[in-house]
Each structure stands twice: as C-alpha cells, then as structure tokens.
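As you go down the protein sequences, you meet chains B and R in turn.
Residues 1 to 400 (the UniProt record's numbering) make up the first sequence, in order.
Residues 1 to 371 (the UniProt record's numbering) make up the second sequence, in order.
A hint or two may mislead.
Unchecked claim - Calculated cross-link-like contacts (lysine-lysine; reagent style DSS-like; alpha-carbon spacing at most 27 Å):
| id | chain 1 | residue 1 | chain 2 | residue 2 |
| --- | --- | --- | --- | --- |
| 1 | R | Lys-320 | B | Lys-279 |
| 2 | R | Lys-187 | R | Lys-168 |
| 3 | R | Lys-46 | R | Lys-188 |
| 4 | B | Lys-112 | B | Lys-22 |
| 5 | R | Lys-355 | B | Lys-291 |
| 6 | R | Lys-168 | B | Lys-279 |
| 7 | B | Lys-266 | R | Lys-168 |
| 8 | R | Lys-271 | B | Lys-291 |
| 9 | B | Lys-279 | R | Lys-271 |
| 10 | R | Lys-368 | B | Lys-27 |
| 11 | B | Lys-398 | B | Lys-148 |
Bear in mind the hints are in silico, worked out from the structure with no lab data behind them.
Given next are the chains, with one letter for each unit.
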Amino acid sequence: MDFNDTPEEAEFRAEARAFLEKHLQPKSGARPRPGSGKDALQRAKDWQKIKAENKFAQITWPKEWGGRGGTSMQSVIWGQEESKFDAPTGPFAIGLGMCVPTVIAFGSDAHKERYVQKALMGEEIWCQLFSEPSAGSDVAGLKTRAVKDGDEWVINGQKVWTSGAHYSDYGIVLVRTDPKVPKHKGLTMFIINMKQPGVEVRPIHQASGGREFNEVYFTDVRIPDSDRLGDVGAGWKVALVTLMNERLAVGGSPGPDWGEIMDYAKTSGTMSDQAFREKLADWYVAAQGYKLTKFRTMTALSRGQTPGPENSIGKIITANHLQDICNSAIEMQDHYGIINDPEMMPGDAIFQQSFMWAPGLRIAGGTDEILKNIIAERVLGLPQDVRVDKTLPFDELKAG
Amino acid sequence: MNFDFSEDQKFLGNEARKFLESQCTMAEVRAVLNDDSKAFNEGVWKKIVEMGWLGTAIPEEHGGLGLGMLEMCVLAEEMGRVLAPVPYASTAYFFTEALKLAGSEAQQAELFPGVVSGEVVGCYAASEGPGNPDAGSLTTTFDGKTLSGTKVPVTDGDVATHAVVLAKEGKGASLVLVDLSAKGVSKKVLSTLDPTRSHAELTFKDAPAVRLGKAGDGARLNDALLDRVAVLIAFEQLGGASRCLEMAKEYALERYAFGRPIGGNQAIKHKLAEMYVKNEVARSNCFYGAWAVSTDAAELPEAAAAARVAASEAFWFASKENIQTHGGMGFTWEVDCHLYYRRAKLLAVQAGSPKVWKEKLVRALETKNAA
C-alpha cells in the first residue's frame, strides 16, 4: 500500500506539470474570486486552445478526435495538476465532458467534422439542455415539444438550470417528439444552435444571490432533422450516454473544510469547546472518507481495473459536510456571524458565502434523495420505486 | 496510486472468509451465547490455531508466519464479519503487539511460540472502572517484582494464561507481564452486553510480575499499543458493519408487506444507502489506518483514531438499523441481529470509546498543525 505514482504515471505527471508551469501561475493562497465577463471567457478559450494544441485537452479521447489517446489515470493526474494552477477551465467542462462525446457517439460524420475540432480548440462552447421546471429529478418527464414540419422540427418550451447557456454557441437538447407513448419512449435528442432566433437565455437569480445558471426559452425554434442525434424516440438512450460521460470528479471538496474551520476556531478560542472538538473529529473523518475513497477509485484505474461503486458516495458526503461546517462556523461567530461583508469577515466571509451555496449543492447533479435511490437500486440491488408513469402514455400522466 | 490491498492479501481474505463461513457459523457463536459455562468456542479456536493465524504477524524465528499488519487487517475484517467467539483479538492484537512493542528479545522468544501454538492466550488489562484508564490515576501498582490491584473489565481475562497490565510504578506507569496461573491472581467472570466474548475482573495481590519495556514508559507504550490495535479493531468493526448491511438487504428483499418487498420503500432504501455511505467512509479510513500502521507512518495517531471513529459510527448505525429493518423478527433472540448490536457496542467502547478517539484525533491534528 502506498500513494505513489507508477514510473509511467510519474513521468506523465512531470510532463503535465512542466507544461502547466510554462503557461500558468500556481494558485496563490488567496481564494480566487470567480471571474466574470468577456475577459474571463476569452482567457478560458485561450487556455483551451493551448491545451488542445499540446494534446493536454481531453486526455482520454482518441487521437483521431484531437485527444491524447491516454488512460483514465492520466486524465485524473492531469486534473490534479491543473487544479493546482490558476487554470480557467469552467466554460468547457460540460461541453467537452458530456455534450461533444455524445455528438461523437451519435452524430453523423458531417457533425463530427463540423463540431468536434472547434469545440476542442476552444472556439465554440457547448451547453446541455435537459432539466425543465417540471422535470428535475424526473427528467424524462420533460415537456418541451418538437413537432416535425417537413425536413425540420419546430421546438417550443423551456429549459432550466442550464450552465453557461449565455455564452454557449451550441447545445444538445432533449425534447418530446411523441406525447402519445410512455414518457421514456417519446424523447429525441438534437444539436441546437444557441445563437439562432427564438432561443432566449435569461439568468436565474439564485437563492444565494448569484446568477450562474440560466433559463432557456424556445419559441418556434427550427432545427433541421439532420441535426438529430440518434433515432426519433431514442432520446433517453442518448441522454444516458451523455450522463455516463460525466467526468470522474478529481477536485477537492467544494468550499471550506475541517482545516479552515479549525484555523478559525484557533483564533476565536473555540478549540477549548469539547462539543466543537467532537464535531471537528467527525468532519475530519468525513473529509478523509471522501478523499481516500477517491484514492481507492484511482487505485483501480491505475491497476487498469474498473472502479467499484464506492465513488457514488462523494456528493452526498461533501454537500452535507459543507452545509454543516458553515452552519457551525457562523454559530461560532454568534451574532457577528450574520455579517457577510467580505471586508469585515474572516476568510473573506467564505463560511457565509458557502452557507448560501450549500443548499444548491445538495440538489445540483442529483439530489441527496435521488443519489440514495441510485445507491439503493444500482449498488445494493433493491427494487425500483413504484412508477405509475412507466406504462401510461405521457399525455395521460398527472402533472403538477 | 496503490491504495488497496495486494492480490495476495485479498486472496488471504477470501480464503479466510470461506474458512470462517464454514467453520465459524452462527451456530458456533450461539454455542457460546447460550451456554453460560462456555467462555469461548474451543473448537473454533483450535481450528484457527491450526490455520496459523495466531502467528500471522509474529516473526518466523519465533514460529510465526512472519507476515505484516496488512495481513492482520484482512483477517480482522473477516473475524468481525462472523463475530468470532474466540480470544483472538486479545491474543493476536493486544498481547502480541504489546510484546512486539515492549517485550525484550528473551520475553518474545519465551512467549511467541506458545502464542502460535495456542498454549498462551493473552489479554490486556488497563481499565479500573468507569472512564478511560488514565496512566496518571492508576490504582494498580507494580513494585518491580509484584503487582497489586484490580482491573475491570478485562476482555478474555478469565480464559487468558497471561496478561499485559498497565500499572503504576513509582511516579509513572509501566507495562507489566503477569502469568495468570501464579499465586496472588484471582478472576471473577463478569456479565456483559456481549456474552459471546468473555470478560473478567482480575484482582492481583502481590502477584509475581515482570516489566515490559522501561520503567515509567507505560503511558507512552499504552498509547502506541492502542494506536496499533485500534486499526485492527476498526477492521473488525468494518467486517461487522458490512455483514449488517448484507443482512438488512437480504431481509428487505425477501420480506413482503403491502404486496411487495419492503426494500422497495424509500424509507428502507435510503436507510440502507446511508449504511452503505457510512461503511464506505469507514472502509476508506480503515485503509488509511492500515497503510499507517503497516509503514509505521508519522500519521498513525490521526489515521488510527479516524479509522476507529468512522468504524464505530458505521457499525453502530448498521447494527441498530439492521434490527429496525428486520422489524419484530429483529428483536427476537433467534434472529442474529442482536448479536451484531451487542458486538458493535463492545468494540465501540473497548480500548477507548468514540469520544476518547475523537479527542485523540483532534489532539493529533493540533500537534500536526502546530508543527
């Protein structure tokens, strides 16, 4: 048992680090403020281009699509090293991680020729349009309609929680093409040009105060049938491939962890509080549980094996953990803890900020409840929930 | 990255599982549970001795297998799964590790062959009543030649041939080795929550004893010993917690209510998913403890403590919710759920409760943080 790279992994890590050092600054101690505006976007595009030209973008993609043809382990190592630098990767994570692989899997030769290289080089950004106001956990219950009109489809409806829609050039959109059949069977996937008439992007004002996500409205948007991904009615199968491509998370847990609250507790005299000390131990155990479980997954990858299901515990732990730590930190500050002015508060008010982010983390990318269902059904083999909607035609389902 | 057991170690675990599932069945555990005159299962013990497991981490020169702590961890998990009703932990973890840490070459040469052959059964005596034993306030005293005082409770104290005792010596504490057949030693069997593991009160009256290690080094040795043993106990807890999840899952699939398996209800599904999450957190922390103890890493204090805290929580949760999942059946003597519930509590408080280990963990983090 050790935590060392194999010689091949060490060689790749050194190569990756040398490349990063040549092009980027290491992260400083200060917590980076999220960038915004056109400058940040251009910086991200520039960095993507440099990565792609040097075969460090999409490590596991085959060389024919501009990837490195590398291993999953190399992809993890790259992620670890890149995260140590001030690398603007955000705008490309969903497109290159989920959307474009779907185009490669289901698109025509013409699609691949047209889209893959431009996405990889950072010239075009993609977003994923699945969730709707009445279809979140039950995304197959979505209502956005596509009606065939000659060689085109006419799209009407609304998507929600679309990351990056406001700066995306293209998206993959899941729509209902047949409401007369059960819900999973009436869906179809398309490529959509986000800059065309009838596509309207509105930022969502989140409970946290920020506006990082969007609603996307479609009014008589026309998509040629040639931009369909997969067969008519096979959209659910295509969507599952998209979701399977979700990249192995390699970053640390989001927001402050036990170390940061311990640092704060030392300055505030809270380390002498026995109840706090016991909580701190629990947080350490949870954070280690998360980190070390990823090491187990990486070990399987490093040995060329398929990782076990243990990685599925990650987000349940981290999201709840973050919420609990921030709650305690604010209570440690007593009445003063209600202030969220970064100029006045320890750690630039990171506990206050993360306190307002945490509820979203417990919902985004699968709610706690859905994740527990997934563990129960797919890992433990327990029966699926009773689903009254499985066999009924979609247009006869109750909705509200 | 190589954060897992080797193929050889996994093979050892699989072979141990097959062996224990056939030789240490629940009927064998119940043979001890249902018979007050039985302190442990002698038949199972004899077979385990024959397998050579008592000598797993004892050097070959002393008759052992000369393997390491990783192999010990693998076996501990399997012993935990089947609730092995034998003095294995007392002998192979506490007694053997104490001798390795503090025993002289001569003491090891004298006792290890007996441990391997099953003639020597060891135990570790530290507690003197409620609360975690504190080297500074011990009432059991050692004067260089004899030992006096009372230790309670001592796991396997009634069946052990030898004890390692934490005792006061002068102003400090020392570890002391006692032959329990000597005069001046009396044993009283205790009634405990877990009758499948025997416990005794040991009273020493000028009993002949010899020191292990240096005089006054007892507090440090006790801490070092418990860090090593904690990892092994955590693996037993992990084995027990894993088995509880399997039992709950099997029952949830075969028990029907309202026309379908109860495992189809989200209240049960989510409960079992939470068990899975806690068990995996425990497993990852246990692996880290295994790495630390097998490499004598500087991180051992926090790694051992985290393994103990995580595994205690996992086994507690899994054992109580396993009963809950079984409903009324789970509260009967005949169904095995309560045996795991009992063992979970014993392992949680043996050698320091979760509260004690949480404090040790935070102190280790403070020390590291200050450095």
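Verification of the supplied hints:
Distance hint between Lys-320/R and Lys-279/B is fulfilled; the C-alpha atoms sit about 22 Å from each other, no more than 27 Å. With a C-alpha separation of about 20 Å, the suggested pair Lys-187/R and Lys-168/R falls inside the 27 Å cut-off, and the hint holds. Using a Cα cut-off of 27 Å, the hinted pair Lys-46/R and Lys-188/R holds, with the two alpha carbons roughly 25 Å apart. Restraint check for Lys-112/B and Lys-22/B: the C-alpha separation of about 32 Å exceeds 27 Å, so the hint is violated.
Proximity of Lys-355/R to Lys-291/B is assessed by CA-CA distance (about 23 Å); at most 27 Å being required, the pair is judged to hold. Proposed proximity of Lys-168/R and Lys-279/B is contradicted: the alpha carbons are some 33 Å apart, above 27 Å. For the proposed pair Lys-266/B and Lys-168/R, the alpha carbon gap of about 35 Å is over 27 Å, so the pair is violated. Restraint check for Lys-271/R and Lys-291/B: the C-alpha separation of about 23 Å stays at or below 27 Å, so the hint holds.
For the proposed pair Lys-279/B and Lys-271/R, the alpha carbon gap of about 22 Å is at most 27 Å, so the pair holds. Of the pairs offered as hints, the one joining Lys-368/R and Lys-27/B holds, with about 24 Å between alpha carbons and a cut-off of 27 Å not exceeded. Straight-line distance between C-alpha atoms of Lys-398/B and Lys-148/B comes to about 25 Å, which keeps the hinted pair within the 27 Å bound.
When held up to the earlier numbered hints, the structure conflicts with 4, 6, 7 and fits the remainder.
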